[in-house]
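Undergrad: Next come the chains, spelled out residue by residue.
Protein chains: 2
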Amino acid sequence: MFDKGIYIRRRATLIERMASCAPEGKRGIAIFIGNADAPAQYRDNAYAFRQDSTWLYYFGIDLQGYAAIIDLDSAGQTIYADDVDIDDVIWSGPQPSVRSIAESVGVPCSAPAAAFDEAVRAAAAKGREVHFIPPSRYYNTLRLRNLSLDPSKSSLSLVKAIISMRLVKEDVEIEQMDDACDIGYRMHSLGRSLVKVGAREQDIAGAMDGYTIQKGWGVSFPTILTQHGETLHLHGHTGIVVPGRLMLIDAGAENNMHYPSDFTRTYPTGGKFTKKQRDIYEIVCRANEAAFSLTKPGVAYRDVHLAVEKILLEGLRDLGLVRGNLDDMVDCGICGMFMPHGLGHNIGLDVHDMEDLGENLVGYDPDQKRAPRMGLGSLRMARRLVPGNVISDEPGIYFIPALIGKWKEEGTGRDFVNYAALEDYYDFGGIRLEDDVLVTADGARRLGHERLPIFPDDVEAAMAAD
Amino acid sequence: MFDKGIYIRRRATLIERMASCAPEGKRGIAIFIGNADAPAQYRDNAYAFRQDSTWLYYFGIDLQGYAAIIDLDSAGQTIYADDVDIDDVIWSGPQPSVRSIAESVGVPCSAPAAAFDEAVRAAAAKGREVHFIPPSRYYNTLRLRNLSLDPSKSSLSLVKAIISMRLVKEDVEIEQMDDACDIGYRMHSLGRSLVKVGAREQDIAGAMDGYTIQKGWGVSFPTILTQHGETLHLHGHTGIVVPGRLMLIDAGAENNMHYPSDFTRTYPTGGKFTKKQRDIYEIVCRANEAAFSLTKPGVAYRDVHLAVEKILLEGLRDLGLVRGNLDDMVDCGICGMFMPHGLGHNIGLDVHDMEDLGENLVGYDPDQKRAPRMGLGSLRMARRLVPGNVISDEPGIYFIPALIGKWKEEGTGRDFVNYAALEDYYDFGGIRLEDDVLVTADGARRLGHERLPIFPDDVEAAMAAD
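Chains as they are written, first to last, in the working numbering: chain A, 1 to 466; chain B, 1 to 466.
You may find that some hints are simply not true.
For identical chains, the list gives no copy identity; a pair is met inside one copy or between any two copies.
Stated by the list, open to error - The calculated lysine to aspartate or glutamate pairs, modelled on DMTMM-like cross-linking and capped at a C-alpha distance of 20 Å, are:
1. K406 x D88
2. K272 x E409
3. K406 x D83
4. K408 x D88
5. K408 x E450
6. K406 x E423
7. K196 x D62
8. K160 x E314
9. K369 x D303
Don't read these hints as lab results, they were simulated from the structure.
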């Protein structure tokens, strides 16, 4: 937990930002529901507890069964939870009182859990506005319904106020993210050292996941480790490492303070790139570097995405896989066939930061509209960058037989795409290269104290040394 | 997945057992809702997918978003899920059709997901009985509510029929449980080798957890690894291994077929038991051995629990910590202060098998009533044993300062308990020793091909060799 002053200040800022939404006396209350354990099989056999990120941001308490109310008119704040009884002590050990836990994050008032429901109902009965964020779990959905609140009617003003704060990382957060990236660096280094022909994918992924549990909360998202990189989020690890393939590893660690890292590297399974692999790899690597160099305050990340599309298409054109004018190709969305995803997303307490609050509200400025086309349409972060933003820089090139086939059949992009040449790439797989980037006052900095080898010679040297 | 014949036979048996509940034409339908991904932070960042165990038992399909209906009158069976589209292929890879997946578990009929809701509503509208099991997750609760079904009104006849089947493990299941125990054996061996003074608990637990991800689905429950064994289910791993303590490790692995193991061992942190530790350890060890030797068909596990209480009390009496007649002490529930939990539980697709279906229905014969007193009252498995039952054998002795203090203050057990002598044990911790046991035709067998060292000399020798 951070020092209590941090939470006090954050809540004060939130109240301040909500003040503009309604005249005094009409602002209502903001309610926050911390997570409960998520059952894996049944109630008492749960997954590792993960607190709600918005709760963590404003209240810090990493325990289940908590809730809170901020009175936006009086600025009064109360934390609701039950003290432990003797049974809890036997099964879970002694714990501080709710009162002292609340005080540790600067909330002087606390009350039993049941009083939360009463307080929310009482406020609603008085016609006061009850602000809440969209539920991120089925549990919260049920809690809201039990309070006679419609889970789909979350508060836009509260959501926007929270986004405005969480998008800009504080120094204490950046320190945590550097730490998470350091764990992620070592997690990836371990994984790379195990990519040997004949190894079981599950053994590699499990060792990486285990490392994150040793050093932090665990994985920041389910590890992607696949020789079929063309499937963007493949979570199965049933294969054996075979020679001549590309092993794509997209994985990250969440540290004990719940800040994540999110890196992707792609390795030649035998330790050496083939000419064909290296040609594609170098394009993606160039795009990753270019994106970083373009990242600075005032630049819209949407434009960085578009610049990357152009670099990728240029490289593919050099290889004869596409043809024509680069700007025309970008305009026609040709890159979407090779990179159907966006260049990056915000990272914060969530690895896709605040995705539960609404992807467009988080990633788009009010004057930006999401494009409908493939690739750019999947871009999660388009905003004009400001210092304190943390984003991923993750270009990729994939050869997805089903997608190529579909486009070809429909005649999409037939003026630009060399479908005949692409036939040689149906079993290529995919390449993605991802770093985590902090926008600074005058540019950008990659998070973490060391950078995973990314240039092809460095990758081969690292694999030889592993 | 097992061979489809297994699922076909299980469903036929279920239909048969449900036939006695109502005359033909009045039996209604049984509905089964497979699990969806459980969000960790937000919908698309989920915990590792774990299928519902009852679903796995009857339908085997280890994918999310599935549901099924068994018509108990016509014996008709349909599986409901949606085929993947091009977006799914890009993000998650190509997949077989729902029709072929359904056929692989012997269900000839399949339909889109939305048809499930329609079919359930239509049956309910016709006044047919809709049988369902209690929801084990918030997701299932919501699904039932959305079907206008009251989640609290699950079908007792369906629950009883399922329990009657799942309690008796088939040979194919026992094979899987041996496998899970073998993974658990190696997981624990790794853990033991890392119990060295100065080590971080989180490093040990994380390495163990990682191993289960390498070799199976993951942990079968959150790993308990603590130098405060007196707290029964302590999941924090924030300590450093200090000399002179007892490290209690209660952990298990779930294999790729979702069968679990569940072992507990307790180690002297410096590799050698002190005299005081060994005295208590030997009592627990004796109780574990005795429980195993008493385990055979026809014996009520409740009686084995009571026999264990007597053994524990006898050992404690020899040490001067309690005094008086052993049977009187058992009758007065004195053992509950030292072992507040039951001797064991059923193990199957769930580590506490079918806990979601109701602990008393699973663990108690119709003529057995759960005792109100501490210890015996927490016993999860009391039934008369039959071949094919798989149970845990896990006696323990704990010195829980808060509980001792409470009893002493209330005067509970003052005729038997030597509270003055107990003062020397306030910082002792706790010891638990647990194996997984299969009831055979004429006795019992410990599952797994090797047994973790349990006798004190063997434990010390193993730690010296680690």
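Undergrad: Looking at the structure, which of the earlier hints fail to hold?
TA: 2, 5, 7, 8
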